[in-house]
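Quick note, the sequences are listed as chains L and W, same order.
Counting from 1, position 123 in the first sequence corresponds to residue 446 in the numbering used here; the numbering is continuous, with no gaps.
Counting from 1, position 357 in the second sequence corresponds to residue 551 in the numbering used here; the numbering is continuous, with no gaps.
Hints in this document: simulated from the structure, not taken from any laboratory.
Certain hints may be false.
Partner residues aside, some chain W positions facing chain L, computed with beta carbon under 7 Å [stated by the list, open to error]:
#1 Asp227
#2 Gly234
#3 Arg235
#4 Met250
#5 Ala370
#6 His389
#7 Gly771
#8 Pro773
#9 Glu834
The calculated label-pair distances, taken between Cβ atoms and stated as ranges, are [unchecked claim]:
#10 L/Ser585 x W/Lys282: 32 to 38 Å
#11 W/Ile536 x L/Val363: 53 to 59 Å
#12 L/Arg458 x W/Leu690: 24 to 30 Å
#13 W/Val761 x L/Glu669: 24 to 30 Å
#14 W/Leu598 x L/Lys405: 41 to 47 Å
#15 W/Lys670 x L/Arg593: 43 to 49 Å
#16 L/Gln504 x W/Asp663: 48 to 54 Å
#17 L/Arg432 x W/Lys631: 51 to 57 Å
Simulated crosslink set (DSS-like; lysine-lysine; CA at most 25 Å straight-line) [unchecked claim]:
#18 L/Lys623 x W/Lys777
#19 L/Lys618 x W/Lys374
#20 L/Lys445 x L/Lys527
All C-beta atoms, glycine included, are put in the ideal place defined by N, C-alpha and C.
As a plain string of letters, each chain reads:
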Amino acid sequence: MALLLRKERLDDFLQSLDGQLAAPVRLEHGEVHFAINPPVEQILQDSDYVNSTISPVALLFPQTEVLFKFKLNGKPQIELPKEPKPLIIFGIRSCDVAAMRYLEMFFSRKFIDTPFVERAEKTTLISVACQRPGRNCFCPCCAGGPFLEEGHDLQLVDFGDAFLVEVGSEKGMRLIYARGQFFEPAPYELNEQRNKLAEETLQKFEIASHMGTGVRKLTSRAVSDELWRMMAARCIECGGCAFVCPLCTCFDVVDHSLPCSSNGVICGWRERCWDCCQFAGYSMEAAGVNPRPDKVSRFKRRFYHKLSYFYMEMDGRVGCVGCGRCIQVCFGVVDMPAVVNTLREEKLLGARLR
Amino acid sequence: MVSMRTTCGFCGCGCGLYTVSDDNGVIGVIPSDADPVNEGRLCIRGWHVYQPLRNMDRIFRPVAVLNGSKRDVDYTDALSRVAEGLKKFPPNQIGIIGSATSTNEDAYLIAKFGRAVIGTNHIDFPGRSRLMPTLMMLRLLGEGVSMPCTFADLMDADLLLCIGIGDPNRYPQASARIFKAVVEGGHLLLIDTWHSDFAPYASLHISPKPFSGALLLRALAGILDSTIKVPFADEQISSITGVSSEQLRAAADLLLSSKRLAAVYDTASLMHMCSPQCVYELARLIKVLRERGVEWCGILPMVERCNSNGALRMGVAPMLLPGLKSVTDNETAQKACSLWGIDSLPQDVGMGVAQMLSAIENGELKALIIVGDDLLTDVPDEQRLKKVLSKVELLIAISAYRSLLTEAAHFVFPRAIWGEAMGTFVNMEGRMRCLEKVAERLGEARQEWQVLCDIATAMGIKLSYSCSDEVLDELKRLVPEYASIEPDKISNSACLIRERLSHLFDGVMHEEIAAPELPLVSDEFPLLLLVERYYLPWHADTLALHSSTLWREFRLRFTPHVFVNSVQGHSLGLRDGMPALLKTPQGSARVTSVFNEAVPTGIAILPEMFFAQLRGVVGQEKFDELTGTIVYPATVAAMERTR
Ligand code: SF4
Ligand code: SF4
């Protein structure tokens, strides 16, 4: 089913939504962030932005998150965080929708990650299909976009003065049913034009990352140690690639306590924060043994995890949606497409395909 | 969820970022991708710079020693006692040790408080002396040389001359440019004893023997200009530096092929460019290159701490007033007097950190104010530091964390940390950066400018500002070069600080140059053991140690490590990450042998952070009185595997 939402009605539609609204806004110096309940006039429209610095999946899996507060005074008392409020993410890009669906699968696979799952259940994604990919985008190589065929709750396609609205889930359907007044049926030809737009957008990408070749090279172990060493030399172990990657899920858990009060009561909280497999302390085992003590082996392992067939089978996809954020954060041009294309060409310099 | 723009408070790159907060305080950061400094990148420290704000292991309230015991005291009570105490000493018996992590506004107040309130020039911060050779260079160079140049300038150069820059991790944003430049086909001439991760990407890598950098640079200048005296024959140079004449020639040719040259060096490396001689020689080389047709030249001296550059410029130095003006410069002194409402300023050059410590030992300096904990790094000898501090009759510490400094202090004022303080920094490019207050302060923590104003007021000298902007305005009135600086113009030249120095140093280049004196290796002791700053100077940063993630990473390296390369290690029967016995003529100690391919064969490296633990076998460090820096011993050594 396809509907039309006139742009002059968008503001009213957004204001009619229940719960918190997260939407992209541009900051003073030009960065794009997702803000909670921003003034409607500040919300960016399709052609105003490529994507946010950090994926909006961070709204559900933030860099630091308090798991519970505790009070130790005889019997320990635990205080759990408040239940999450409903959240609508407007303006999320296709790659990030694909990432969110992967996280939902990952966080409820063997072990149910309650904080994430509870939030995800209450979150609705209204994505806007991309027609102007950024210079770092390569989602077509990773089944991450630019137009979605599945995964969205609602997907908006910009047609100038109106959005074509595509419903992708029951959640999306419910949202529309309750707000019929904002929508009108879309003329049939728009569907055809939509497909044409999707095709045209594909021509606009500046870089490519041949993920299939990468997977094949890694799975068949056809990559020389020398090449790994040379690539890892350019990694400074900042952790940025994992932190901006919307598919990375690792975290560390720490306890904090306030100074003991005079009556001996200890108050504090437990929190988790993002972690990265590129850090030396990450793979350290309790006994002090580190199975991956050197940077090269950690670097290699990171790409094996994201790209080898073994993990693809387990995770159902390559560990990349093509959002291109690692290109922006990497200190040594050893981001995903740079590495994949180096593997493909089996030589080092000028490895990115432009 | 709220985001606020600020600057990372760890290294001299000064990366722009946004903090993310919710009901639970600051919960993360987002790198600024519009910032010309970091273009969206943050190193491991920047990604975790918010974590210390979540750590409750802090000093919350003023502490005082009263009747022999230490206790929390009321703020105003502490102030009046401190004021009373300070009045008992003549100005030349009082010293102030500042910090390279203070904002410009704080640093300016340290400089002003010392001079206008106390009346002393005994004002310094640890690590300041390592920047002095760089100031000399600034004085020596003429037109057509941009110093410091910006990170963006590195991308515009056709040749990068990188000297003693060590691991790419030390100065991440400079490293990013170096890697990007070579990936895009640029040329790198690397002069570094270390075979670092830059080496495989260099068009030419020259690895001079330790401490022979100055001679090597002189020899290079000698090849390019025959009127420059090189007091050694070619073969001697090769044997002293370990670099062949062919390699030197190739380096000279590479330099001559450049039209736009950017030179990058590390002001904190112990083996290379920290020595004044090295810097003279680099200045000489640059001059020759300009004469030989290099059209543009940029120089980027890399500094370790977030505001070393600012502290120096604000006058936290025994010989400098704000704006890099000499304390003997009458014009500035007069201006300062009228602006600060006093009759005169102390004119004699004061004592630096090293001299202050000696002066305490022999009873000449009796009261000391210490801001922050930089001193812990600069004086790796904990025992000596404890002994010295115990002799101070009035010790006042402004600090966020408990340490041997606050342990020894008679009065402690809690200090606002990164995220609680606001003001500006000057990064290694000379770019003004804004630091925002993004979190509520814990307990009674305040910035040092506020504490110092309060102390002055308690002493009966009115000193007060409504906010840090007001401090900056006063600075702009005092130093005309800074008048048009606009810190929040992140990407245009209005935020770049550029001074020309007309005084301070005579500018004479020293002609004599000697070969370094190093102990000779033997069959019994086949290794030359050297102390070097390795990787991130985390041990230096109490702030970093209060981040849970950075602390975890640091603990990994917490046992004394000695680095050798794997070929050498195997030949000695060592194993990577395993216990080993380190033997020197002075004794032996258990260490962990760690393989590191950056270390040249024949050399073992003891990271500076472990030096204090191994002083007994390595030897005693010395303070170089002339430069005020620590000189670590070099010794011969052997290593063997233990169980
Ligand atoms: S972003 Fe680049 S430099 Fe940073 S950890 Fe990842 S690969 Fe290494
Ligand atoms: S490079 Fe320096 S300023 Fe930038 S994030 Fe790292 S420590 Fe902070």
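Taking the hints in turn, this is what the structure says about them:
{"no.": "1", "hint": "Asp227", "verdict": "5 Å, holds"}
{"no.": "2", "hint": "Gly234", "verdict": "4 Å, holds"}
{"no.": "3", "hint": "Arg235", "verdict": "5 Å, holds"}
{"no.": "4", "hint": "Met250", "verdict": "5 Å, holds"}
{"no.": "5", "hint": "Ala370", "verdict": "4 Å, holds"}
{"no.": "6", "hint": "His389", "verdict": "11 Å, violated"}
{"no.": "7", "hint": "Gly771", "verdict": "6 Å, holds"}
{"no.": "8", "hint": "Pro773", "verdict": "12 Å, violated"}
{"no.": "9", "hint": "Glu834", "verdict": "21 Å, violated"}
{"no.": "10", "hint": "L/Ser585 x W/Lys282: 32 to 38 Å", "verdict": "35 Å, holds"}
{"no.": "11", "hint": "W/Ile536 x L/Val363: 53 to 59 Å", "verdict": "56 Å, holds"}
{"no.": "12", "hint": "L/Arg458 x W/Leu690: 24 to 30 Å", "verdict": "27 Å, holds"}
{"no.": "13", "hint": "W/Val761 x L/Glu669: 24 to 30 Å", "verdict": "27 Å, holds"}
{"no.": "14", "hint": "W/Leu598 x L/Lys405: 41 to 47 Å", "verdict": "43 Å, holds"}
{"no.": "15", "hint": "W/Lys670 x L/Arg593: 43 to 49 Å", "verdict": "47 Å, holds"}
{"no.": "16", "hint": "L/Gln504 x W/Asp663: 48 to 54 Å", "verdict": "50 Å, holds"}
{"no.": "17", "hint": "L/Arg432 x W/Lys631: 51 to 57 Å", "verdict": "42 Å, violated"}
{"no.": "18", "hint": "L/Lys623 x W/Lys777", "verdict": "36 Å, violated"}
{"no.": "19", "hint": "L/Lys618 x W/Lys374", "verdict": "20 Å, holds"}
{"no.": "20", "hint": "L/Lys445 x L/Lys527", "verdict": "35 Å, violated"}
Hint compliance for this structure: hints 6, 8, 9, 17, 18, 20 are broken, all remaining hints hold.
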